[in-house]
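Read off the chains here:
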Amino acid sequence: DTAVSQTPKYLVTQMGNDKSIKCEQNLGHDTMYWYKQDSKKFLKIMFSYNNKELIINETVPNRFSPKSPDKAHLNLHINSLELGDSAVYFCASSQDLAGGSTGELFFGEGSRLTVL
Amino acid sequence: AQSVSQHNHHVILSEAASLELGCNYSYGGTVNLFWYVQYPGQHLQLLLKYFSGDPLVKGIKGFEAEFIKSKFSFNLRKPSVQWSDTAEYFCAVTMSNTGKLIFGQGTTLQVKP
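In order, the protein sequence lines correspond to chains A and B. The opening residue of the first sequence carries number 1 in the working numbering; numbering runs sequentially from there. The opening residue of the second sequence carries number 1 in the working numbering; numbering runs sequentially from there.
Incorrect hints may appear among the rest.
Restricting the straight-line Cα-Cα distance to at most 25 angstroms, the calculated cross-link-like pairs of lysine-lysine (BS3-like) are [what the hints assert, rightly or not]:
1) A:Lys9 to A:Lys71
2) B:Lys58 to A:Lys40
3) B:Lys71 to B:Lys58
4) A:Lys19 to A:Lys52
5) B:Lys49 to A:Lys36
6) A:Lys52 to A:Lys22
7) B:Lys112 to A:Lys41
8) B:Lys49 to A:Lys44
To be clear about the criterion: a stretch of chain A counts as covered by chain B if any three or more of its residues have a C-beta under 8 angstroms from a C-beta of chain B, and this derived list gives those stretches [what the hints assert, rightly or not]:
9) 45-56
10) 80-86
Honestly, the hints are just simulated from the structure, not real lab data. For glycine and all other residues, C-beta sits at the position ideal for the given N, C-alpha and C.
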């Protein structure tokens with residue numbers, strides 16, 4: 001069983017479109033995250049939710065909107081896609097908030113978004 | 001600003017060579033430290049972590065790292081690398097007042113058979 005699963009794994013779309021990436025974790029964790037990995041492999045946190053509540057919202061364009069219907073799911077919706085949004089998006093979860101004693105993150109396999 | 005820096009961006013070694021990848025962070029408070037590995041086409045996996053106690057921690061696949069608080073460093077080592085160690089290596093730090101895991105820029109390790 002995959003602990004943190006993301007769909008789709010690959011997404012190719014045109015500029016201006018709206019798309020969503022879904023994430024589910026079956027680890028019973030309270031906290032979930034979205035990270036963006038750019039073409040230089042740099043990983044940057046975008047959002048973090050704890051028990052469905054947004055706790056970290058980095059400087060991300062408001063075209064990006066996370067939604068957490070329950071603590072096992074964290075979806076990422078992107079409006080009006082731009083070329084610069086092309087990246088690999090990783091979902092992750094942790095039992096506790098990162099920084100806590102159980103703050104180890106478990107990552108999904110990533111969703112590669114290509115905007116043409 | 002709080003940050004994590006990895007000194008080596010691209011390392012090429014022959015099999016059986018020893019490896020040391022540098023990692024430094026900028027934060028004066030309590031930290032938890034991690035090394036993650038990303039094999040080609042795969043997700044990030046935890047290699048090892050340090051929360052407290054013995055500053056020399058051992059991880060999977062023969063990797064170890066040493067936390068030197070005075071130097072704000074957490075360098076990764078392996079005495080003898082294998083071709084299968086070819087991957088991206090990321091140092092990451094959680095700083096107690098932020099609740100988020102901050103990554104370094106990553107190091108690409110290429111091991112030649």
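Hint check results:
Between the alpha carbons of Lys9 of chain A and Lys71 of chain A the distance comes to roughly 21 angstroms, so the proposed pair stays at or under 25 angstroms and holds. Our distance criterion of 25 angstroms between C-alpha atoms is broken by Lys58 of chain B and Lys40 of chain A, whose separation comes to about 28 angstroms. Distance restraint check for Lys71 of chain B and Lys58 of chain B: the Cα-Cα separation of roughly 20 angstroms lies within the 25 angstroms cut-off, and the hinted pair is therefore satisfied. Pair hint Lys19 of chain A plus Lys52 of chain A holds up; C-alpha atoms about 21 angstroms apart against a cutoff of 25 angstroms.
Between the alpha carbons of Lys49 of chain B and Lys36 of chain A the distance comes to roughly 22 angstroms, so the proposed pair stays at or under 25 angstroms and holds. Proximity of Lys52 of chain A to Lys22 of chain A is assessed by CA-CA distance (about 15 angstroms); at most 25 angstroms being required, the pair is judged to hold. Our distance criterion of 25 angstroms between C-alpha atoms is met by Lys112 of chain B and Lys41 of chain A, whose separation comes to about 21 angstroms. Between Lys49 of chain B and Lys44 of chain A the CA atoms are separated by roughly 19 angstroms; this keeps the pair inside 25 angstroms, and the hint holds.
Evaluation of the coverage hint for the segment 45-56 of chain A: fulfilled, as 4 residues show C-beta separations to chain B shorter than 8 angstroms, against a requirement of three. Figure legend: the segment 80-86 of chain A, annotated as covered by chain B; annotation inconsistent (0 residues with Cβ-Cβ distances under 8 angstroms, at least 3 required).
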